[in-house]
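Student: I would like the entire structure built from these sequences, with the hints used as guidance.
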Amino acid sequence: NGITISNHGFQHIEMGQLSEAKQIENITKAQEALSKEVGIKDNPWFCYPYGDKNEFTDSASKKAGIKMGMAMKS
1 NGITISNHGF QHIEMGQLSE AKQIENITKA QEALSKEVGI KDNPWFCYPY GDKNEFTDSA
61 SKKAGIKMGM AMKS
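Numbering follows the UniProt record's numbering, with no gaps: position 63 of the sequence shown is 63.
There's no promise every hint is true.
Stated by the list, open to error - In silico DSSO-like cross-links for lysine-lysine, where the CA-CA straight-line distance does not exceed 30 Å:
no.: 1; residue 1: Lys-53; residue 2: Lys-22
no.: 2; residue 1: Lys-41; residue 2: Lys-22
no.: 3; residue 1: Lys-36; residue 2: Lys-53
no.: 4; residue 1: Lys-73; residue 2: Lys-22
no.: 5; residue 1: Lys-63; residue 2: Lys-53
no.: 6; residue 1: Lys-63; residue 2: Lys-22
no.: 7; residue 1: Lys-29; residue 2: Lys-73
no.: 8; residue 1: Lys-22; residue 2: Lys-62
no.: 9; residue 1: Lys-29; residue 2: Lys-53
no.: 10; residue 1: Lys-67; residue 2: Lys-41
no.: 11; residue 1: Lys-36; residue 2: Lys-62
no.: 12; residue 1: Lys-53; residue 2: Lys-73
no.: 13; residue 1: Lys-29; residue 2: Lys-63
no.: 14; residue 1: Lys-29; residue 2: Lys-41
no.: 15; residue 1: Lys-36; residue 2: Lys-63
no.: 16; residue 1: Lys-36; residue 2: Lys-22
no.: 17; residue 1: Lys-36; residue 2: Lys-67
no.: 18; residue 1: Lys-73; residue 2: Lys-62
no.: 19; residue 1: Lys-41; residue 2: Lys-62
no.: 20; residue 1: Lys-41; residue 2: Lys-73
no.: 21; residue 1: Lys-67; residue 2: Lys-53
no.: 22; residue 1: Lys-22; residue 2: Lys-67
no.: 23; residue 1: Lys-62; residue 2: Lys-29
no.: 24; residue 1: Lys-73; residue 2: Lys-63
no.: 25; residue 1: Lys-29; residue 2: Lys-67
no.: 26; residue 1: Lys-53; residue 2: Lys-41
no.: 27; residue 1: Lys-63; residue 2: Lys-41
Claimed, not checked - Label pairs and their computed distance ranges (CB to CB):
no.: 28; residue 1: Gln-17; residue 2: Gly-39; range: 29 to 35 Å
no.: 29; residue 1: Glu-55; residue 2: Phe-10; range: 20 to 26 Å
no.: 30; residue 1: Asn-1; residue 2: Asp-58; range: 27 to 33 Å
no.: 31; residue 1: Gln-17; residue 2: Met-70; range: 16 to 22 Å
no.: 32; residue 1: Asn-54; residue 2: Ser-6; range: 18 to 24 Å
Source of the hints: derived by calculation from the structure; they are not laboratory data.
Backbone N, C-alpha and C define an ideal beta-carbon position, used for all residues, glycine too.
Tutor: And the structure:
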């Protein structure tokens with residue numbers, strides 16, 4: 001029971017507008033904040049802000065330690 005707290009990006013910006021390096025930085029900074037502020041270590045999930053991604057997002061997510069990315073159309 002309970003809830004899952006996961007990564008949604010440090011700045012909540014559209015990932016599809018960023019280079020691979022900037023995506024890695026954004027995801028990694030959010031991972032570090034989750035670890036420091038909430039105690040969540042090795043978080044494997046990422047939800048793309050606005051459901052947006054580009055050709056770099058999958059590899060950037062993987063390089064930042066993400067195992068599963070999600071998007072939701074609204």
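Student: Hint numbers the structure violates, sorted upward?
Tutor: none
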